[in-house]
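J.: The primary structure of each chain is shown beneath.
2 protein chains.
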Amino acid sequence: MSNQRQSHDFSPALPTAITLHAPPNSSIDKYPSKSHAHRLAAQLHVTNGLVVLAATPAATYPDSDQPVPFRQDRYFYYLTGCDEPGCYVTYDIGKDVLTLWLPAIDEKRVVWTGRGSTVEEAVERYDVDEARYIHGTGAFHSSSAIRLGLPQYLEAHLRQCWNRAAGNESCNKNVYVLSPERVNSIYNPSSPETPLLASASRTLEASRTELKNAINACRTLKDPHEIALIRRANAITAAAHTAVLRNISTYTNEAQVEALYTATCIAQHAKQQAYSPIAGAGPNASVLHYGANDEDFGSREVLVLDAGCEWHCYASDVTRAIPLNTAHPGEWASAEAAGIYKLVETVQEACIAAMEPGASFLGITYMARRMTVDGLLALGILKGDKEAIWKAGTVMGFFPHGLGHHLGLEVHDVSPVAHPPASSLTTCITTSSPEILPYQLPRSFNFPLPTSSSSHSPDPSLLHPGMVITIEPGIYFNRFLLEHFFLSNPTHSPFIDREVLDRYWRVGGVRIEDDILVTGQGYENLTTALKGRGMREAIRGGKGGEGGEGDG
Amino acid sequence: MSNQRQSHDFSPALPTAITLHAPPNSSIDKYPSKSHAHRLAAQLHVTNGLVVLAATPAATYPDSDQPVPFRQDRYFYYLTGCDEPGCYVTYDIGKDVLTLWLPAIDEKRVVWTGRGSTVEEAVERYDVDEARYIHGTGAFHSSSAIRLGLPQYLEAHLRQCWNRAAGNESCNKNVYVLSPERVNSIYNPSSPETPLLASASRTLEASRTELKNAINACRTLKDPHEIALIRRANAITAAAHTAVLRNISTYTNEAQVEALYTATCIAQHAKQQAYSPIAGAGPNASVLHYGANDEDFGSREVLVLDAGCEWHCYASDVTRAIPLNTAHPGEWASAEAAGIYKLVETVQEACIAAMEPGASFLGITYMARRMTVDGLLALGILKGDKEAIWKAGTVMGFFPHGLGHHLGLEVHDVSPVAHPPASSLTTCITTSSPEILPYQLPRSFNFPLPTSSSSHSPDPSLLHPGMVITIEPGIYFNRFLLEHFFLSNPTHSPFIDREVLDRYWRVGGVRIEDDILVTGQGYENLTTALKGRGMREAIRGGKGGEGGEGDG
Chain A
23 MSNQRQSHDF SPALPTAITL HAPPNSSIDK YPSKSHAHRL AAQLHVTNGL VVLAATPAAT
83 YPDSDQPVPF RQDRYFYYLT GCDEPGCYVT YDIGKDVLTL WLPAIDEKRV VWTGRGSTVE
143 EAVERYDVDE ARYIHGTGAF HSSSAIRLGL PQYLEAHLRQ CWNRAAGNES CNKNVYVLSP
203 ERVNSIYNPS SPETPLLASA SRTLEASRTE LKNAINACRT LKDPHEIALI RRANAITAAA
263 HTAVLRNIST YTNEAQVEAL YTATCIAQHA KQQAYSPIAG AGPNASVLHY GANDEDFGSR
323 EVLVLDAGCE WHCYASDVTR AIPLNTAHPG EWASAEAAGI YKLVETVQEA CIAAMEPGAS
383 FLGITYMARR MTVDGLLALG ILKGDKEAIW KAGTVMGFFP HGLGHHLGLE VHDVSPVAHP
443 PASSLTTCIT TSSPEILPYQ LPRSFNFPLP TSSSSHSPDP SLLHPGMVIT IEPGIYFNRF
503 LLEHFFLSNP THSPFIDREV LDRYWRVGGV RIEDDILVTG QGYENLTTAL KGRGMREAIR
563 GGKGGEGGEG DG
Chain B
23 MSNQRQSHDF SPALPTAITL HAPPNSSIDK YPSKSHAHRL AAQLHVTNGL VVLAATPAAT
83 YPDSDQPVPF RQDRYFYYLT GCDEPGCYVT YDIGKDVLTL WLPAIDEKRV VWTGRGSTVE
143 EAVERYDVDE ARYIHGTGAF HSSSAIRLGL PQYLEAHLRQ CWNRAAGNES CNKNVYVLSP
203 ERVNSIYNPS SPETPLLASA SRTLEASRTE LKNAINACRT LKDPHEIALI RRANAITAAA
263 HTAVLRNIST YTNEAQVEAL YTATCIAQHA KQQAYSPIAG AGPNASVLHY GANDEDFGSR
323 EVLVLDAGCE WHCYASDVTR AIPLNTAHPG EWASAEAAGI YKLVETVQEA CIAAMEPGAS
383 FLGITYMARR MTVDGLLALG ILKGDKEAIW KAGTVMGFFP HGLGHHLGLE VHDVSPVAHP
443 PASSLTTCIT TSSPEILPYQ LPRSFNFPLP TSSSSHSPDP SLLHPGMVIT IEPGIYFNRF
503 LLEHFFLSNP THSPFIDREV LDRYWRVGGV RIEDDILVTG QGYENLTTAL KGRGMREAIR
563 GGKGGEGGEG DG
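Protein chains in written order, with the working numbering: chain A, 23 to 574; chain B, 23 to 574.
Errors might be hidden in some of the hints.
[What the hints assert, rightly or not] Restraint-style ranges between C-beta atoms, simulated for each label pair: (1) B:E146 / A:D87: 53 to 59 Å; (2) B:D87 / A:P246: 37 to 43 Å; (3) B:K52 / A:P79: 46 to 52 Å; (4) A:I156 / B:K234: 30 to 36 Å.
[As the list claims (entries may be wrong)] Straight-line C-alpha distance at most 25 Å; calculated DSS-like pairs for lysine-lysine: (5) A:K293 / B:K293; (6) A:K117 / A:K293; (7) A:K413 / B:K130; (8) A:K408 / A:K364; (9) A:K364 / A:K405; (10) B:K413 / A:K130.
No wet-lab data here; the hints were simulated from the structure. The beta carbon of each residue, even a glycine, is placed where N, CA and C say it ideally should be.
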């Protein structure tokens, strides 16, 4: 250490280098961001241009000094595998150079919060060609070669373009920026003649859409590294669900379930949940995104536990409907609860079995809803002519959400944009956040053959190897939904047997959800949490079987 | 239910009333927001004007459908006690009317997320004079009297002002808005002649500052309801710390500590932490806001657990330094660890004992630093002339943060603005987020007498009954801090005995923190988590005494 420093001289001693190039073959076991960059370039169909993505910046709440919980920008992560705040990444498509830009180490903050990666550490940790500091070489590094920062790098790129072509519009066309406001916050051209990155620019907006669609298309098909992360998230989630099963017979309140589930994940170093855990007993099981998780079980019969952790920003999404029964733990408390579980289980198993390349997800959804109508008719909850019920859409009163969604960096992961644009028939799979849509049946459905494998953009209505999609049928007895929109509506009320229904309010709701990987031949279920018979055995204190096929 | 509804007619059936007035005496056991409004009016020294505060809106992450975890705006909460998103509150100072404005119930979302309060529920739950919907009466309520929404209410207020005075500036002077952008997002005057709420207005900015300072002054002195909430948060936190103590001898990794601590809070329905829990062993204990919590204990000797939950938006903030010792659980693993704990314990007890009305917090901080120097000299870590060490500020290498901060709706709660503005001498208490400040000793210190009790703004440098302040001395052996700023600096290096210091790196860090209420006579320690001897007994499996005075 230099002994020349004055008292309270906080000038940085780190870093020891400004730019480091990754050694060859250093990408083994790293998140494959360089491969993602190549896929992106192919998807954009261009041989030149600069992609610029920004990480989520560190932030505090308004009028507060408390930090907002950090959640990395998913597009940035896809091209870096870097979970640090305030970074940028550039990908020069023509030169094939992926550069991670890091904030300077703030030595005054190290004793408070530790610090982010140095450029040396970054090229070791991440699959990038080089790492640099956003603001370039500091004055204290007279021995290092002067390296430009990101603002100068951007300026050079834009100026080159400016010299070749003319005008901002044409240059912005060459730059793909997802969050112009984040880039502009650090971009200060050195001279007024330099082209600006005009965030209001029409061409920039167009290239933003193009970039987003291209990354979405890439993200839809998971590579082995991504699948391994989802698998790991599922393994931890399964352990947490199992812990709940082994203790549920001693619990009396939803909060205990959330507590043990969460603790089991944290103890396995999965601190982030992919979404707020849902632990809803009885009527709360019928609120799809219930989150208070603070009510007593009392005499309720079913607990819906919809909870999945993240692993390195990749989600799992797992739902189990668990029998509550103080007298006979592991048994369904009523024939009604057992019947609804059995029906949902049967639907889920049929849907999972239908997952294969080329299958239409909409077709599988259609099958799920048809089976649900059949089952509700068999139980006597629905009555009347099957096709009339189908046409009225009464099934939406009991199964009011989509069958599933993509899963990856988001729990409701992105879908590729359809070319041609998705028709209403494909909304089931292209809508990541399902809504109660006005009920609409497809006029016909089929399982089309896969499109050509050379296609870069998978047809979003068909299944392709590498897609990970949840299968989550459910049946609910949500009093608000049924009373306000179905029982009071003459289109639906003749098809619902009110007397039978009255026996089913006690069930609340049942949903069973697994994460399904579409493989070359068919599917693999990435979710290993116990269900069916295995789940019930675990509650009774037995070992718990695998999966629990066919015996809910 | 009406049977007139069409299929998929989602027109709202709720609410059954638009405005409800609270019945008299309904505020018992409610969060005392009306009393807070009265305190605010007194603090503003005006008899007329309209206060407008906005709740945190519900939001999703950029380019994602995932909701941002909701955290209520603390200023809004102070005037409502309402933890629901997207609301507003107005307080008409002249008429003494506190109105809570609620978003309309979105019936299509009820099956997804449940719903917020109706106006009927709101006047029951919250201590407000009336509750209304932001957008007023819906067309479906032909039988109810037409009630105006918030935009019309604001417009009427501004127009009244406009008619009396003239111009936007003068009217904006009469409106106290904390977040003009949130208010403008719903405020659309019906005619171009209506005055605008100009967020860029200089008078609006001035009234914003005035409002914020006035609420800050109110928030600094806690009322009995607020103290009860902090006490409850502390009770849950104490139970969670105790659970950790009882299990720590079986644990091998920081993640297990965070898991059990968090689970214990959640199981007691405290889902929100006041800040990210810190569970740092060995060197991690010397990173003040460490948060990874994922390393093995190995042979480390001290675990710093700095973790406190929230209860109804009120914080607790508790730190314990816990002995790690596989051979002899509950004993300090080395004389060095025991010595540092004992020193910090002694300093903390002396500081707590000095907490009383009229005392100067800066004076107590001064005492803490003097005692720390004495202790480090006694241990041989520091050497040389005591006054020379003091003058150099070398103590900042071992105790680099403030002694404490206000606690309330924020873990680093607000402080009143000093009148006259705080001198550098008072930064210890007015800076809620302590930094490593260039070391500065007060030229003198004393314990001034309390200022007149009729003062509305407590002198921020002196303690007043109702303040809740943390006392959290610490001693750290942070290699980065010491090597970069002290050992390499000739101002400090002669005072540090490197050989002795080398025996202390193993300790990592020790911090002990309690939440102290200043009472009329002295203080009350709101923190009940075990420390000292009681803590060590709990680790050994004993019952654990109270507090552990004098025997670390």
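J.: Evaluate each hint against the coordinates.
T.: We went through each hint and held it up to the structure:
1. B:E146 / A:D87: 53 to 59 Å: violated (34 Å)
2. B:D87 / A:P246: 37 to 43 Å: violated (27 Å)
3. B:K52 / A:P79: 46 to 52 Å: Violated, since B:K52 and A:P79 (Cβ atoms, about 39 Å apart) do not stay within the stated range.
4. A:I156 / B:K234: 30 to 36 Å: holds (33 Å)
5. A:K293 / B:K293: Cα-Cα ~14 Å, so holds.
6. A:K117 / A:K293: Not satisfied, since the Cα-Cα distance of roughly 38 Å exceeds 25 Å.
7. A:K413 / B:K130: holds (21 Å)
8. A:K408 / A:K364: holds (21 Å)
9. A:K364 / A:K405: holds (19 Å)
10. B:K413 / A:K130: holds (21 Å)
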